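In order, the protein sequence lines correspond to chains A and B. Just so you know, we're using the UniProt record's numbering here: the first sequence kicks off at 1 and counts up by one. Just so you know, we're using the UniProt record's numbering here: the second sequence kicks off at 1 and counts up by one.
For the record, the hints were derived by calculation from the structure and aren't laboratory data. As the structure is a prediction and not an experimental result, all values here were calculated from the model. Among the clues, some could well be false.
For chains that are exact copies, the list does not tell them apart, and a pair is met inside one copy or across any two.
Stated by the list, open to error - Here are the simulated BS3-like cross-link-like pairs (lysine-lysine), alpha carbons at most 30 Å apart as the crow flies: (1) K165 <-> K101; (2) K101 <-> K90; (3) K165 <-> K61; (4) K90 <-> K61; (5) K101 <-> K144; (6) K226 <-> K80; (7) K66 <-> K185; (8) K69 <-> K90; (9) K185 <-> K69; (10) K66 <-> K144; (11) K69 <-> K226; (12) K66 <-> K90; (13) K80 <-> K66; (14) K144 <-> K165; (15) K165 <-> K66; (16) K90 <-> K80; (17) K80 <-> K101.
There are 2 protein chains.
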Amino acid sequence: MAASSSTNPMSGEEATGVTLLPAVEDRYGGVMTEMSQPMDPSAFSALLRSSLSNWTLQGKKGVWIKIPKELIGLAETAVKEGFWFHHAEKNYLMLVYWIPKEENTLPANASHRVGIGAFVINDKKEVLVVQEKTGRLQGQGIWKFPTGVVNEGEDIHDGSVREVKEETGVDTEFVQVLAFRQSHKTFCGKSDLFFVCMLKPLSLEISVQESEIEAAQWMPWEEYTKQPFVQNQELLRYMTDICAAKTNGDYQGFTPLPVSAFDQLGSLYLNTRDLQSRH
Amino acid sequence: MAASSSTNPMSGEEATGVTLLPAVEDRYGGVMTEMSQPMDPSAFSALLRSSLSNWTLQGKKGVWIKIPKELIGLAETAVKEGFWFHHAEKNYLMLVYWIPKEENTLPANASHRVGIGAFVINDKKEVLVVQEKTGRLQGQGIWKFPTGVVNEGEDIHDGSVREVKEETGVDTEFVQVLAFRQSHKTFCGKSDLFFVCMLKPLSLEISVQESEIEAAQWMPWEEYTKQPFVQNQELLRYMTDICAAKTNGDYQGFTPLPVSAFDQLGSLYLNTRDLQSRH
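Bound-form chain A, shown alone (with noise of 0.2 Å):
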């Protein structure tokens, strides 16, 4: 196997003449190696305690190891020398060991899935609903919000329009966040942040997508508030008071605006309206 060590990181030995596996330096004083080959246990293992030990004396903190899918194999003797899991991702697992006696500072892994919910309206005080294929609404004739999962990678307002685009085949202009609702042990035991998003309707033809979607329609907004499903609920007798006060009111949401920290742009989504602003 190729391998290096941190601090030479052409050679595959040290001036002790052990070889090492080959790691990359982090930010936060730890180092990481990624599998790339397939190898036999007893040799991984010899070559995972002596980096170990280099990584000690040099005094890192955090040990990542990220293996492959193809190369699972290699885990269970990562496992034995004290790695435990800290995230996986369709075709790797990311094992981590802590050196130092104190508290390890580990980054966490990602703790929550991101939803929108899409309250669209039209000129006619016509409401976007949709009945669902799946899930627990599934045969009960209730229409709703069309929601979705946001995307890896994906900001809360282009992935709002997707949804509302696959779904019912209509097209959409983001608009604001009017709310938001943290909840946990959703799934897996992770948590949940759920965006309730206003969208501009800029066609209103629909096409409703076949696999998820039982049925699509503009629905009357007394309509859909009066449906029982939607006056029981408490988080929705919220939302219909809160997209009310959009559409007849003077509610403000945040407002998504591209903006820059450490070189990488991200959207900050603030109350535009209340801000006295210099930018």
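Once you have looked at the hints, place chain B on chain A.
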């Protein structure tokens, strides 16, 4: 191994006499099995194949296998049978497989880490600021708002009060989310949601968290804003303006209210001032 079918959970055998993995059904037409005992790879492989055949006949969709850290050696067999990784936590790896020919509708892995920045200002217009021991700002003499990561299962308002207490010893009461920022590719490809929170101080004495914080103090607001670091970062300029608008003007953020949905309590963050509520 104790094994049972999903249709006959008390028995390890179907009418055909084939042993199957024990499984529980989920709400989305899928099944989940949790490995609990070591097994020979070839035995596991045979069991997995017969179980998959059975679940296919039953019309099941997603198949989940939860493998505890101690049994990670079993993952290699599941990967060879076509499974991939869905997510991992400290002590387990969750693998998944999709039976139907159609595109999978499996729930996404958690995609976001959630952070907070705490704006705490006292009656003398002094803001609570810290210098960090680690990370990209260490050793630069920069005074910044206390920041931190919200724990899994923790509410944003609780997390911000906790972080301020841990880093500075100051007791606070949560007031509002003033804005939030979404950014991407921050750590291992995950996204970040960073909530700018205003908190009201309930105590003034500072006691620094020695592991992470170099120093903390109450700093005159003007002195904080004059720092080149604060002037040069677009995000920090916005935060400064928003916080000033909140202190001196009429800026309205989102206030949390306990709101239930589907018998589960969560926190709904909304513009309570602008809402003409019937609640």
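So, going through the hints one by one against the coordinates:
no.: 1; hint: K165 <-> K101; result: between (52 Å within a copy, 24 Å between copies)
no.: 2; hint: K101 <-> K90; result: between (33 Å within a copy, 19 Å between copies)
no.: 3; hint: K165 <-> K61; result: between (47 Å within a copy, 25 Å between copies)
no.: 4; hint: K90 <-> K61; result: both (27 Å within a copy, 18 Å between copies)
no.: 5; hint: K101 <-> K144; result: between (52 Å within a copy, 28 Å between copies)
no.: 6; hint: K226 <-> K80; result: neither (59 Å within a copy, 52 Å between copies)
no.: 7; hint: K66 <-> K185; result: both (27 Å within a copy, 17 Å between copies)
no.: 8; hint: K69 <-> K90; result: both (8 Å within a copy, 18 Å between copies)
no.: 9; hint: K185 <-> K69; result: both (27 Å within a copy, 21 Å between copies)
no.: 10; hint: K66 <-> K144; result: neither (42 Å within a copy, 33 Å between copies)
no.: 11; hint: K69 <-> K226; result: neither (50 Å within a copy, 50 Å between copies)
no.: 12; hint: K66 <-> K90; result: both (13 Å within a copy, 14 Å between copies)
no.: 13; hint: K80 <-> K66; result: both (16 Å within a copy, 19 Å between copies)
no.: 14; hint: K144 <-> K165; result: within (15 Å within a copy, 41 Å between copies)
no.: 15; hint: K165 <-> K66; result: neither (37 Å within a copy, 35 Å between copies)
no.: 16; hint: K90 <-> K80; result: both (23 Å within a copy, 14 Å between copies)
no.: 17; hint: K80 <-> K101; result: within (19 Å within a copy, 38 Å between copies)
Violation of the numbered hints given earlier is confined to hints 6, 10, 11 and 15; the remaining hints are satisfied by the structure.
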